[in-house]
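Colleague: Chain residues, written in single-letter form:
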Amino acid sequence: DQQVKQNSPSLSVQEGRISILNCDYTNSMFDYFLWYKKYPAEGPTFLISISSIKDKNEDGRFTVFLNKSAKHLSLHIVPSQPGDSAVYFCAARDIQGAQKLVFGQGTRLTINP
Amino acid sequence: DTGVSQDPRHKITKRGQNVTFRCDPISEHNRLYWYRQTLGQGPEFLTYFQNEAQLEKSRLLSDRFSAERPKGSFSTLEIQRTEQGDSAMYLCASSFIPGDYGYTFGSGTRLTVV
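In the order they appear, the protein sequences are chains D and W.
The numbering used here puts the first residue of the first sequence at 27, with every later residue one more than the last.
The numbering used here puts the first residue of the second sequence at 19, with every later residue one more than the last.
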């Protein structure tokens, strides 16, 4: 059962425009949602998080929005830069036990000059 | 502090051989996680340690897999009698309760079973 889903395997955006990456989840026991960025041959790098009690968190060019009623979150990157090209993973933290992160399948973002 | 270190970075082994990976977490982090990532998928949880105690294991972790964290510092993940389906990136991560910033991941060990 895929508890966290990223339905777009890839996204291509023009440099300077807005990139919007989407994520849906099914489990109501998640207390934090996170976005990770991954370059080839490296581990995922934490980008931004949001608590389940908030609906928006902003950090520089990155903003994460959470819609709890729709069980949906999105990551906005504006303006997009070539260095943003990477695979982005949405993750949700299970409030129970190990507080493990459950990851989506990832979205490969390509920023075109 | 150099972050989370994993060794080796790459491992090619023949089917049926045993392999062992090592993870050195960030020194003040008391939680350590192992994840596995296959092509086109996100990382999947394998097991978790708090200090030296292994507190949770995924059903993905078959009897051929064993993990240890002696003295609550570094951790090892051993796979016995490797199979081609074990080919994946094995990621280690550490965290310090009760941070809400997520884990710090290592660069992973890429295992190829031939």
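In case anyone wonders, no lab produced these hints; they're calculated from the structure.
Treat each hint with caution, since some may be false.
[Claimed, not checked] Far from chain W, by Cβ distances over 10 Å, these chain D residues were calculated:
| # | residue |
| --- | --- |
| 1 | 84 |
| 2 | 102 |
| 3 | 115 |
[What the hints assert, rightly or not] Here's a subset of chain W near chain D, in silico, CB distances under 8 Å, partners left out:
| # | residue |
| --- | --- |
| 4 | 58 |
| 5 | 74 |
| 6 | 92 |
| 7 | 114 |
Beta carbons are placed, not taken as given, at the ideal position from N, Cα and C, and that holds for glycine.
Colleague: Evaluate each hint against the coordinates.
Modeller: Evaluated hints:
1. 84: The claim stands: residue 84/D keeps its Cβ more than 10 Å from every Cβ of chain W (closest is about 15 Å).
2. 102: Consistent with the label, residue 102/D stays out of reach of chain W, its closest Cβ about 19 Å off (over 10 Å).
3. 115: violated, 5 Å
4. 58: holds, 7 Å
5. 74: Holds, about 4 Å.
6. 92: Interface hint status for residue 92/W: violated (16 Å vs cutoff 8 Å).
7. 114: Check failed: Cβ of residue 114/W comes no nearer than 12 Å to chain D, outside 8 Å.
Checked against the numbered hints above, the structure violates hints 3, 6, 7; every other hint is satisfied.
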